[in-house]
Structure formats: C-alpha cells, structure tokens
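**Student:** Sequence:
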Amino acid sequence: MPSPILLLIRDGWGINPAGRAGAEKQGDATLLAKTPVHDRLYQKYPWARLEPSGLKVGLPEGQMGNSEVGHLNLGAGRVVYQELTRINLAIGQGALATDKILQEALAAAAGRRLHFIGLVSDGGVHSHLDHLLALLRIAGQQRSSEIFVHAITDGRDVSPTSGRDFVRILEKAVAQTPQARLATVIGRYYAMDRDKR
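Residues in the sequence shown are numbered from 1 upward in steps of one, following our numbering.
I should point out that these hints are in silico values taken from the structure, not numbers from a laboratory. Hints are supplied without guarantee of correctness; some may be wrong.
Pairwise CB distance ranges (calculated) [to be verified]:
#, residue 1, residue 2, range
1, Gln176, His71, 35 to 43 angstroms
2, Leu32, Arg113, 21 to 29 angstroms
3, Gln179, Thr35, 54 to 62 angstroms
4, Arg40, Asp195, 36 to 44 angstroms
All values reported here derive from a predicted model rather than from experimental measurement. The beta-carbon is built from N, C-alpha and C at its ideal position, and this holds for glycine as well.
Let's have the full structure, built from the sequences with the hints guiding it.
**Tutor:** Given below as structure tokens:
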C-alpha cells in the first residue's frame, strides 16, 4: 500500500538566502520566530526548494510571482504559462493584431467611440502597460473615430509614486495616435476597491 503524501502550501514562507545571519537585518519573521514543528518537518522529511518567479512559473524573466501563480503551477508537472507571458508572446509574434475576436470588436467599433480602461503600470500581476500600448497601436490603425483611454494608476504592485511616470509613457503613446486621447485618470485604491471604501 502506498504511503500518503502531503502537499503543504505556506503562503509567504520563503527561504532567505542570507539564512539566520541576515534574518534580523532583513526582518525575516519566519527565521526569527521559534518554529519547532517547522524545524522537525525539515529535519525528518524530504523537501524541495521551488523557484517562484520568472520563466520557472510561466512569467517573463525577472517578474516576481504571487500566490495565484504559485498555486497554478504546483502539481502541474510542467510550466503553466501565465496570461502575462501569453499576451507578451502574442504581441511579439504579431498574433494579437490578427486575433479574430479583437478584429471583430474593432470592426464593431468602426466609426464609433472606443474606450480602453485598465491598470497603467508594469506590475504584471493584473496587467501590463505594454498590453495597453499594443492595443492602442492596433486600434489606431483601424477606423474608430475616437479612442478614449481611462487610466487606473497602480501603486500596489509597483511603487505608490510611479503612476506619474507610467502616465507620461501613456501620454506619449496617445500623442502618436491621432484619434486617441487620455480621458480619465484614477487611482487603484478607488477604481479597484474590493473593500467598499
């Protein structure tokens, strides 16, 4: 009879490369705390170190992972390419510009106002500015009479003060698309509120 196996997921429990020596300086609570059960598990049972970011979990190289990405990859037995990577590949290979559903949507918007709304940052968790810029370029080549961009600044997956820089990048892209304009800017705290603030 096979032995039972336990897959134990502990969100936020990482492995500090500096070990206990750097724990206090870096404020590593998992190394500073008394963890007798954890210590026994490590000593008694096999364990493995996982790489939770970048290409190892289907994200672009250098992109930090998150709990959703980790949970999708655990137990898959292969790399699960995340939407961010799949969209990046589609843009790079020209597949987004020829996507049937996107082309149908743009054809339906011909001669009408087209609105884009979304996070404006390179955080990559919920969105990426490059995706909006690609959509803007593609739509700019179509027959939409006007394109309105409604920007939501991030401040959570990126620095809270980075919104200004991302909006500047967006403004340059909008300026290169004659029928486009930046219509609204709002912060994520309000526009994406899940806590009814």
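**Student:** Next, verify each hint and record whether it holds.
**Tutor:** Hint check results:
Distance hint check: the CB atoms of glutamine 176 and histidine 71 are about 39 angstroms apart, consistent with the given range 35 to 43 angstroms. Checking the proposed 21 to 29 angstroms range against leucine 32 and arginine 113 shows it is violated: the Cβ atoms sit about 56 angstroms from each other. Distance hint check for glutamine 179 and threonine 35: the Cβ-Cβ separation is about 59 angstroms, which falls inside the suggested range of 54 to 62 angstroms. Range check, arginine 40 to aspartate 195: about 38 angstroms between beta-carbon atoms, so the 36 to 44 angstroms window is met.
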